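S.K.: The sequence shown: position 53 = 54 (my numbering), numbered continuously.
It should be emphasised that the hints constitute simulated quantities derived from the structure, not laboratory data.
These figures come from a predicted structure and were not determined experimentally.
Heads up, some of the hints might be wrong.
If you anchor each label on the Cβ, the simulated ranges turn out as follows [stated by the list, open to error]:
id: 1; residue 1: Asp87; residue 2: Gly16; range: 32 to 40 Å
id: 2; residue 1: Gln24; residue 2: Ser71; range: 27 to 35 Å
id: 3; residue 1: Met90; residue 2: Ala15; range: 13 to 21 Å
id: 4; residue 1: Arg14; residue 2: Gly51; range: 15 to 23 Å
For lysine to aspartate or glutamate, the following EDC-like pairs were computed, each having C-alpha atoms within a straight-line distance of at most 20 Å [claimed, not checked]:
id: 5; residue 1: Lys52; residue 2: Glu37
id: 6; residue 1: Lys36; residue 2: Asp7
id: 7; residue 1: Lys52; residue 2: Asp79
id: 8; residue 1: Lys52; residue 2: Glu27
id: 9; residue 1: Lys52; residue 2: Asp87
id: 10; residue 1: Lys52; residue 2: Asp39
id: 11; residue 1: Lys36; residue 2: Asp87
id: 12; residue 1: Lys52; residue 2: Asp29
id: 13; residue 1: Lys36; residue 2: Asp54
id: 14; residue 1: Lys52; residue 2: Asp7
Ideal Cβ placement from N, Cα and C applies to all residues, glycine included.
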Amino acid sequence: MSGSADAIVQQYRAGARNFSRVQLREVDLINVLLKEADFSQADLRQARFGKTDFSHTCLRSADLSYANLSVTILRGADLTGADLQDAGMG
């Protein structure tokens, strides 16, 4: 599944929570609520997530390499097997 930032936000607001395997490379999702969603095995390389709320979100085996996760809310998120190589956490 591929998507754009706007499409993901609209789908989430409409009640969708399953975004597993979505292709969102280099996307800007700044200050967005995406809690309790499933982004398992998603391609999120080089994405920018400043102030995004991923509370209790499944990010299992997601590729977050080179993503900007500064000030991102990850409380209770499942990052098992996620690729965080060179992800900005500060």
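S.K.: A separate judgement is required for each hint: does it hold in the structure or not?
M.R.: We went through each hint and held it up to the structure:
no., hint, verdict
1, Asp87 <-> Gly16: 32 to 40 Å, "holds (34 Å)"
2, Gln24 <-> Ser71: 27 to 35 Å, "violated (23 Å)"
3, Met90 <-> Ala15: 13 to 21 Å, "violated (31 Å)"
4, Arg14 <-> Gly51: 15 to 23 Å, "holds (20 Å)"
5, Lys52 <-> Glu37, "holds (16 Å)"
6, Lys36 <-> Asp7, "holds (16 Å)"
7, Lys52 <-> Asp79, "holds (18 Å)"
8, Lys52 <-> Glu27, "holds (16 Å)"
9, Lys52 <-> Asp87, "holds (18 Å)"
10, Lys52 <-> Asp39, "holds (18 Å)"
11, Lys36 <-> Asp87, "violated (23 Å)"
12, Lys52 <-> Asp29, "holds (11 Å)"
13, Lys36 <-> Asp54, "holds (6 Å)"
14, Lys52 <-> Asp7, "holds (16 Å)"
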